[in-house]
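Construct the complete structure from the given sequences, taking the supplied hints into account.
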Amino acid sequence: MTSEKKMKKGVTEEDISLMFRNLHSKALKLGLKEADFVKLQSLAEIKSGRKSRKSCSVIVLVTLLPVLFLTIAIMIPYFTNWPVSRSSMVSTYFEILDLEPEKEQCLVEAIEYMAEMARPPTTCEFCRGVKRVEKVEKMSPERFEARYAYTSRPVIITDATKNWTAQKVFSYSFFKEIYSEGSPALENVESDCQFFPYRTNFTNLREVFEMNDDRALMKNGAEPWYIGWSNCDFSAANTLRQHYERPYFLPYSAESSKTDWIFMGSPGYGAALHIDNVQNPSWQAQVTGTKKWTLEPPPECYFQCQSSIEVVVDPGDIIVIDTNRWYHSTLNVGDDISITIGSEYD
Numbered sequence: 004m005t006s007e008k009k010m011k012k013g014v015t016e017e018d019i020s021l022m023f024r025n026l027h028s029k030a031l032k033l034g035l036k037e038a039d040f041v042k043l044q045s046l047a048e049i050k051s052g053r054k055s056r057k058s059c060s061v062i063v064l065v066t067l068l069p070v071l072f073l074t075i076a077i078m079i080p081y082f083t084n085w086p087v088s089r090s091s092m093v094s095t096y097f098e099i100l101d102l103e104p105e106k107e108q109c110l111v112e113a114i115e116y117m118a119e120m121a122r123p124p125t126t127c128e129f130c131r132g133v134k135r136v137e138k139v140e141k142m143s144p145e146r147f148e149a150r151y152a153y154t155s156r157p158v159i160i161t162d163a164t165k166n167w168t169a170q171k172v173f174s175y176s177f178f179k180e181i182y183s184e185g186s187p188a189l190e191n192v193e194s195d196c197q198f199f200p201y202r203t204n205f206t207n208l209r210e211v212f213e214m215n216d217d218r219a220l221m222k223n224g225a226e227p228w229y230i231g232w233s234n235c236d237f238s239a240a241n242t243l244r245q246h247y248e249r250p251y252f253l254p255y256s257a258e259s260s261k262t263d264w265i266f267m268g269s270p271g272y273g274a275a276l277h278i279d280n281v282q283n284p285s286w287q288a289q290v291t292g293t294k295k296w297t298l299e300p301p302p303e304c305y306f307q308c309q310s311s312i313e314v315v316v317d318p319g320d321i322i323v324i325d326t327n328r329w330y331h332s333t334l335n336v337g338d339d340i341s342i343t344i345g346s347e348y349d
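Start counting the sequence shown at 4; every next residue gets the next number (the working numbering).
Hints listed in this document are in silico derivations from the structure and should not be mistaken for laboratory results.
These numbers come from a predicted model, not from an experiment.
There could be a bad hint or two in this list.
Said to hold, decoys possible - Think about it this way: if two alpha-carbon atoms lie no more than 27 angstroms apart in a straight line, the pair counts; the simulated DSSO-like pairs of lysine-lysine are:
{"hint": "1", "residue 1": "K295", "residue 2": "K171"}
{"hint": "2", "residue 1": "K138", "residue 2": "K295"}
{"hint": "3", "residue 1": "K179", "residue 2": "K222"}
{"hint": "4", "residue 1": "K134", "residue 2": "K171"}
Written out as structure tokens, the structure reads:
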């Protein structure tokens with residue numbers, strides 16, 4: 004059996020050692036001296052490779068050891084409550100980060116894509132055959148329930164906000180007044196509600212309403228912005244709901260969530276492609292401005308459903324979508340500030 008055939012079947016470390024010993028013996032018989040082997044470039048490269056592998060192993064070991072020791076140092080007190088108590092560890096943690104424990108909702112922020120990684124596969128029936136988002140009007144609750152309400156088929160209702168006053172009232176200044184500095188609404192939102200900064204540098208709703216008028220009203224080429232928050236303060240909700248009402252097309256038996264969602268921002272900004280971790284479908288009313296939605300099926304449905312669907316939602320439209328099944332991104336287009344309000348329904 005030739006060396007080439009043996010190499011094809013797989014060479015062991017013993018085979019390689021034997022080959023080198025045979026080559027070494029043949030070289031000595033041909034008149035080479037031990038000192039001549041040191042000058043061979045191929046041997047120098049082999050020795051260099053072995054050293055580099057050892058160096059990599061040392062680097063990995065040096066990097067992992069501190070992490071291992073730190074993990075052990077944290078886990079032992081956490082599970083045994085010794086030599087320090089858990090409460091002392093948490094207090095020290097907040098002191099290091101200069102945070103107030105009573106104002107923080109989470110000890111550690113959740114990894115952004117953790118929920119998506121744990122998402123169970125879905126059947127593709129909901130997106131199969133959907134080529135576009137239909138725009139309809141005069142939608143009866145019976146027809147809506149039969150075709151759209153619980154099928155995850157997206158739809159836009161174009162006449163559902165005709166009797167609302169929100170389009171004339173809602174603005175950045177209006178919300179700034181409701182969530183004014185020191186108001187219970189602002190305090191409750193910051194302590195109990197969710198806030199989404201998206202790609203801005205805002206960390207809470209207070210900072211949003213502290214920005215200067217040029218940026219808020221898109222003057223003089225100011226930096227664009229887009230944020231969202233859940234309105235879980237009942238006093239603010241009562242004020243807001245004076246200017247909009249339950250969409251007329253929802254099934255009679257459906258109940259809307261007590262918490263409404265508000266999204267607001269300037270043209271050129273929006274939400275990147277994502278999927279929500281919610282239980283129910285939702286409606287979103289485009290109060291002011293214009294927003295382009297891009298919908299994509301989950302990865303397991305790429306070969307059964309259309310890969311991407313785009314639709315523009317105009318002022319006064321309501322889009323109904325199951326954001327727990329459709330991946331979606333939004334982009335504010337046009338010239339006006341986009342204000343959207345919505346809620347889930349069961």
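Okay, the hints, checked on the actual structure:
1. For the given pair, K295 sits about 22 angstroms from K171 by alpha-carbon distance, which is consistent with the 27 angstroms threshold.
2. With a C-alpha separation of about 14 angstroms, the suggested pairing of K138 with K295 holds against the 27 angstroms cut-off.
3. Under the criterion of a C-alpha separation no larger than 27 angstroms, the hint pairing K179 with K222 is consistent with the structure, at around 18 angstroms.
4. Distance hint between K134 and K171 is unfulfilled; the C-alpha atoms sit about 34 angstroms from each other, more than 27 angstroms.
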